[in-house]
Every structure is written in C-alpha cells, then in structure tokens.
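Asks: Sequence:
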Amino acid sequence: MTTGLTVTINGQPEPLDECGWLQRRPCGCIVSAVIAVVECADDSGWVLATADQAHRHLNPTKRDRDKAAKAGLTTELITMRHYRDHIGAKWECEQHPRPAV
1 MTTGLTVTIN
11 GQPEPLDECG
21 WLQRRPCGCI
31 VSAVIAVVEC
41 ADDSGWVLAT
51 ADQAHRHLNP
61 TKRDRDKAAK
71 AGLTTELITM
81 RHYRDHIGAK
91 WECEQHPRPA
101 V
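32 is the number that our numbering gives to position 32 of the sequence shown; each next residue is one higher, with no gaps.
One should not assume that every hint holds.
To be verified - Quick list of the computed label-pair ranges, beta carbon to beta carbon:
1. Asp66 with Trp91: 18 to 26 Å
2. Arg63 with Gln12: 33 to 41 Å
3. Pro26 with His86: 30 to 38 Å
4. Thr6 with His96: 32 to 40 Å
5. Pro97 with Pro60: 27 to 35 Å
6. Trp91 with Asp64: 15 to 23 Å
7. Thr3 with Ser32: 18 to 26 Å
Just so you know, these hints were derived from the structure itself, not from any lab.
For glycine and all other residues, C-beta sits at the position ideal for the given N, C-alpha and C.
Could you put the whole structure together from the sequences, leaning on the hints where they help?
Replies: Here it is, written out as structure tokens:
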C-alpha cells in the first residue's frame, strides 16, 4: 500500500510509508514502536498518519491510554532510516543502559 502521504520530520519531507512511531518514557527509553503504514493481504493493515492515531493504536483501550498519560509517555514520528541507523536494538536511554553481557 503506497499512501502518497508526506510528513515533515526535522524540516524535511518524508513519505509516511517510510516512517514509524515510537512511544517513549520521559527519560527517553522506548517502550513501544509501530510502523506507520502496514499492508496485509486480508486488509487488516493500517495507516497511522497522526500522533493520536499512533497513540490509540499502541494503547487501544481507555485504560491503556490513561496509564500511558499517567506515565508521561510521548509519541514520536521517525523515519525508518533513522531507526535503522541510530536506534535499532538500543531502546534504553543513557539513564537506563542495558547491562553488558
């Protein structure tokens, strides 16, 4: 599914199809992520074009949304290129580094 939708991230136009949403704690740790545009053969895919749509997708019930609000979670749009180049498996913030193995 190509939506043809364009978003602006850091002053640059980006195709929504190449973006995703992160949900972060106030410290910066990532708690969840979702690709903005997903196509499925059975039409169960989605297009998450706004922070509110992503927030509701990641927190489907009112109870979940209230819990996220109480925790101070924020929803952030990023390019998948940024995710691959700068985040990958590093979901923890500098305050909460993953222990060395």
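Asks: Work down the list of hints and note, for each, if the structure agrees.
Replies: Hint by hint, here is what the structure shows:
no. : hint                         : result
1   : Asp66 with Trp91: 18 to 26 Å : holds (23 Å)
2   : Arg63 with Gln12: 33 to 41 Å : holds (37 Å)
3   : Pro26 with His86: 30 to 38 Å : violated (20 Å)
4   : Thr6 with His96: 32 to 40 Å  : holds (34 Å)
5   : Pro97 with Pro60: 27 to 35 Å : holds (31 Å)
6   : Trp91 with Asp64: 15 to 23 Å : holds (19 Å)
7   : Thr3 with Ser32: 18 to 26 Å  : holds (22 Å)
Taken one by one, the earlier hints fail for this structure only at number 3.
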